Amino acid sequence: MTLLSRSKEAQETQEILGRRNSTLTRATAYVALGGFILATLFPFWFMLRTAFSTTRRLSADPLSVLPVDFTWGAFERVLGIATSEQSVAEGGSGQSLDFFQYFMNSVISTTGATVSQVIFSAAAAYAFGVLKWRGRDAIFFLFLFALTVPAIFLVLPNYLFIREIGLLNTLAGVMAPHMLMAPFAVFFLRQVFLGTNMSIVEAAVIDGANHLRIFFQIVLPMARSQVLTVFILQYITIWNDYLWPLYIGSSEETSKTLTVALGIFKSQTPQGNPDWAGLMAGALVAALPMLLLMVFLGRRIVGSIQDSAVK
Amino acid sequence: MSDIVAMFRGKRRSSDFIPALGFMLPALIGLGIFVVFPGVRGIYLSFTEYNIFRDPEFIGLENYEKALQDPFVWNALWVTLQYVAINIGVQTVFALLLAVLMHRFTKSVWVRGVLLLPYLISNVVVALVWLWLLDYNLGYVNAIIDFIGLDRTPFFGETTAMATIALINVWRHLGYTALLIFAGLLTIPKDVYEAAEVDGSGEWRTFFGVTLPLLRPVMFFVLVITITGSFQIFDTIAVTTGGGPVNATRTFSILITDKAWNSNQFGYAAAISVILMLILIAVALIQMRLLRGNESDLER
Numbered sequence: 000m001t002l003l004s005r006s007k008e009a010q011e012t013q014e015i016l017g018r019r020n021s022t023l024t025r026a027t028a029y030v031a032l033g034g035f036i037l038a039t040l041f042p043f044w045f046m047l048r049t050a051f052s053t054t055r056r057l058s059a060d061p062l063s064v065l066p067v068d069f070t071w072g073a074f075e076r077v078l079g080i081a082t083s084e085q086s087v088a089e090g091g092s093g094q095s096l097d098f099f100q101y102f103m104n105s106v107i108s109t110t111g112a113t114v115s116q117v118i119f120s121a122a123a124a125y126a127f128g129v130l131k132w133r134g135r136d137a138i139f140f141l142f143l144f145a146l147t148v149p150a151i152f153l154v155l156p157n158y159l160f161i162r163e164i165g166l167l168n169t170l171a172g173v174m175a176p177h178m179l180m181a182p183f184a185v186f187f188l189r190q191v192f193l194g195t196n197m198s199i200v201e202a203a204v205i206d207g208a209n210h211l212r213i214f215f216q217i218v219l220p221m222a223r224s225q226v227l228t229v230f231i232l233q234y235i236t237i238w239n240d241y242l243w244p245l246y247i248g249s250s251e252e253t254s255k256t257l258t259v260a261l262g263i264f265k266s267q268t269p270q271g272n273p274d275w276a277g278l279m280a281g282a283l284v285a286a287l288p289m290l291l292l293m294v295f296l297g298r299r300i301v302g303s304i305q306d307s308a309v310k
Numbered sequence: 000m001s002d003i004v005a006m007f008r009g010k011r012r013s014s015d016f017i018p019a020l021g022f023m024l025p026a027l028i029g030l031g032i033f034v035v036f037p038g039v040r041g042i043y044l045s046f047t048e049y050n051i052f053r054d055p056e057f058i059g060l061e062n063y064e065k066a067l068q069d070p071f072v073w074n075a076l077w078v079t080l081q082y083v084a085i086n087i088g089v090q091t092v093f094a095l096l097l098a099v100l101m102h103r104f105t106k107s108v109w110v111r112g113v114l115l116l117p118y119l120i121s122n123v124v125v126a127l128v129w130l131w132l133l134d135y136n137l138g139y140v141n142a143i144i145d146f147i148g149l150d151r152t153p154f155f156g157e158t159t160a161m162a163t164i165a166l167i168n169v170w171r172h173l174g175y176t177a178l179l180i181f182a183g184l185l186t187i188p189k190d191v192y193e194a195a196e197v198d199g200s201g202e203w204r205t206f207f208g209v210t211l212p213l214l215r216p217v218m219f220f221v222l223v224i225t226i227t228g229s230f231q232i233f234d235t236i237a238v239t240t241g242g243g244p245v246n247a248t249r250t251f252s253i254l255i256t257d258k259a260w261n262s263n264q265f266g267y268a269a270a271i272s273v274i275l276m277l278i279l280i281a282v283a284l285i286q287m288r289l290l291r292g293n294e295s296d297l298e299r
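Going down the list, the sequences are from chains A and B.
For what it's worth, numbering that gives the first Met the number 0 labels the leading residue of the first sequence as 0, then goes sequentially.
For what it's worth, numbering that gives the first Met the number 0 labels the leading residue of the second sequence as 0, then goes sequentially.
Hints are computed from structural coordinates only; laboratory data are not their basis.
Any given hint could turn out to be false.
Each computed BS3-like pair below joins lysine-lysine, with the alpha-carbon atoms no more than 30 Å apart [as the list claims (entries may be wrong)]:
id	chain 1	residue 1	chain 2	residue 2
1	B	Lys106	B	Lys189
2	A	Lys7	B	Lys65
3	A	Lys131	B	Lys189
Just some of the chain A residues that point at chain B, by a computed CB distance under 10 Å [as the list claims (entries may be wrong)]:
id	residue
4	Thr12
5	Ile36
6	Leu62
7	Phe99
8	Phe102
9	Val106
10	Ile107
11	Val114
12	Ser115
13	Ala123
14	Phe160
15	Phe264
16	Met279
17	Ala282
These numbers come from a predicted model, not from an experiment.
C-beta atoms are modelled at their ideal positions from N, C-alpha and C, and glycine is treated no differently.
Build out the structure end to end from the sequences listed, making use of the hints.
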């Protein structure tokens, strides 16, 4: 079923069930929904409110829902624009921080890893979903199996491997395990490609097109919306990753991703008297691209995740 | 295995094998280097004593014997189970409720989008925000508790930390889980509800007798992925308590990384991660039996 016909059916279901709704049920339901939405959004607002506050003045008005003593200082601090005296004066640690650099590290490693991963996963999915050969299900089963191997089990030996090939504390090392495939991407795209209209492919074969052309000019373009879906989902996952980049890239400025830098920032901030405004500003910088993604591609992201549940 | 051997023998007869090999080669190499090889190596290392500076030395089952007597491992099992119970219990109930609310009372994609927001933000950011909101001295929550005249609560204390962290992660995953269940609700055809209505089935009976059983495949999928993820909880703890106070939040993942990177006992850490994996396999098998997840009650 497509998303469209499903949503029509959902509407009709909603009407059937709706016949029973009394005003009271309806009111209770909206209050509950409103509560969930409020509980979801409040922490985001509080991040913003704190990031624009002056750390040393936060204790003066902990109940305020508006910034306490409005300042851009926290953002200047985390982006490395503020001098260290200025930063200490406002409650920072005085350590030099450069979230812009970490931001770029995250952008480069996440983009590079996701682009390459989606292309190679799609290619593999083409072999499993479009091409016909003996044993393809057996090989595909290996990828399905890989989907179930817990990440924590692979982190240790993978760390040793990255260390042995000399990529520790490089962005290449952070990206490496993501670059050639993700079991989820292969699985999802195979499912999509299985539905490819084979008569178009066969017509192209008769016209003498080779498989590279069929892949790039027919199969990929036809499935571009699902390919984008996988891209978005994987981008989010890799961007938010912590455990792997923590052990692979945390010792060099050039390989620290945003999540890792935030963790380190937290552990460096004065104990008992943390630089909350700075921490929240850093957290916002890290969250910003995902929030923008939601603003521009919200509908698609919601649809993608729904699809991933029933595929 | 014999399947694969047979496949290689038969490859000449299959027309698309050569191009297929070309297309899947990068992914196969990736799978080999970053999943199969480390998988085998992880299991091998679990039978060795290994610190990074010397070659691994084979010691048989010694790591496993040690693990079974190690109070830290039992503690990890206990606190991880606490975490999973609170996290999955609360999350599943609320997500189901939220999914039903969305299904019946709103068509808005934006509502779903807003509820999904926390899932897009990294665990590290989520952990920091809640660490701040729940801070003992300055946090907003304790400020309110204080304001209405109650005693401030140490949310990251020895008895409270695990529950707090479990609930923080409920906050992050609630919208996502609800969305998956919502997608499942959409697959239930409207005739079923019509039939229930005609039969005079009441609200609750319809939910427990019709909706929930038909949701089983989706619930199975949701529970398998959330429980598997839950057992591996790392990020939020690493950022907030780091395993403390004392050992109250030293879950498996924290213990494993601790043994490997702080104590340089890679062999022992590998053994604990094999144990965790065995637990995960067992849990998945039990779920499969209990929920008969691979079958659907809907005839399509």
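Comparing the hints with the structure gives:
1. Distance hint between Lys106 (chain B) and Lys189 (chain B) is fulfilled; the C-alpha atoms sit about 16 Å from each other, no more than 30 Å.
2. For a cut-off of 30 Å, the pair hint linking Lys7 (chain A) to Lys65 (chain B) is broken: about 59 Å separates their Cα positions.
3. With a C-alpha separation of about 38 Å, the suggested pair Lys131 (chain A) and Lys189 (chain B) falls outside the 30 Å cut-off, and the hint is violated.
4. Among the interface hints, the one on Thr12 (chain A) holds; its C-beta lies about 4 Å from the nearest C-beta in chain B, closer than the 10 Å criterion.
5. Checking Ile36 (chain A) against chain B by beta carbon gives a least distance of about 6 Å; that is within 10 Å, so the hint holds.
6. Checking Leu62 (chain A) against chain B by beta carbon gives a least distance of about 5 Å; that is within 10 Å, so the hint holds.
7. A distance limit of 10 Å between C-beta atoms decides the matter here; for Phe99 (chain A) the minimum to chain B is near 17 Å, and the interface restraint is violated.
8. Interface hint at Phe102 (chain A): violated, since its Cβ lies 13 Å from the closest Cβ of chain B, which is beyond the 10 Å cut-off.
9. With 10 Å as the threshold, the beta carbon of Val106 (chain A) stays out of range of chain B, its nearest partner Cβ sitting at about 14 Å, so the hint is violated.
10. Checking Ile107 (chain A) against chain B: minimum C-beta separation of about 17 Å lies over 10 Å; hint violated.
11. Evaluation of the Val114 (chain A) hint against chain B yields a violated restraint, the C-beta minimum of about 13 Å exceeding 10 Å.
12. A least Cβ separation of about 9 Å between Ser115 (chain A) and chain B falls short of the 10 Å threshold, and the interface hint therefore holds.
13. Because the smallest distance between the Cβ of Ala123 (chain A) and any Cβ of chain B comes to about 4 Å, under 10 Å, the interface hint for this residue holds.
14. Using the Cβ-Cβ criterion of 10 Å, the hint placing Phe160 (chain A) at the interface with chain B is satisfied: the shortest such distance is roughly 7 Å.
15. Satisfaction of the interface hint for Phe264 (chain A) is found here, the shortest Cβ-Cβ separation to chain B being roughly 9 Å, below the 10 Å cut-off.
16. Using the Cβ-Cβ criterion of 10 Å, the hint placing Met279 (chain A) at the interface with chain B is satisfied: the shortest such distance is roughly 7 Å.
17. The beta carbon of Ala282 (chain A) comes within 4 Å of a beta carbon in chain B, closer than 10 Å, and the hint placing it at the interface holds.
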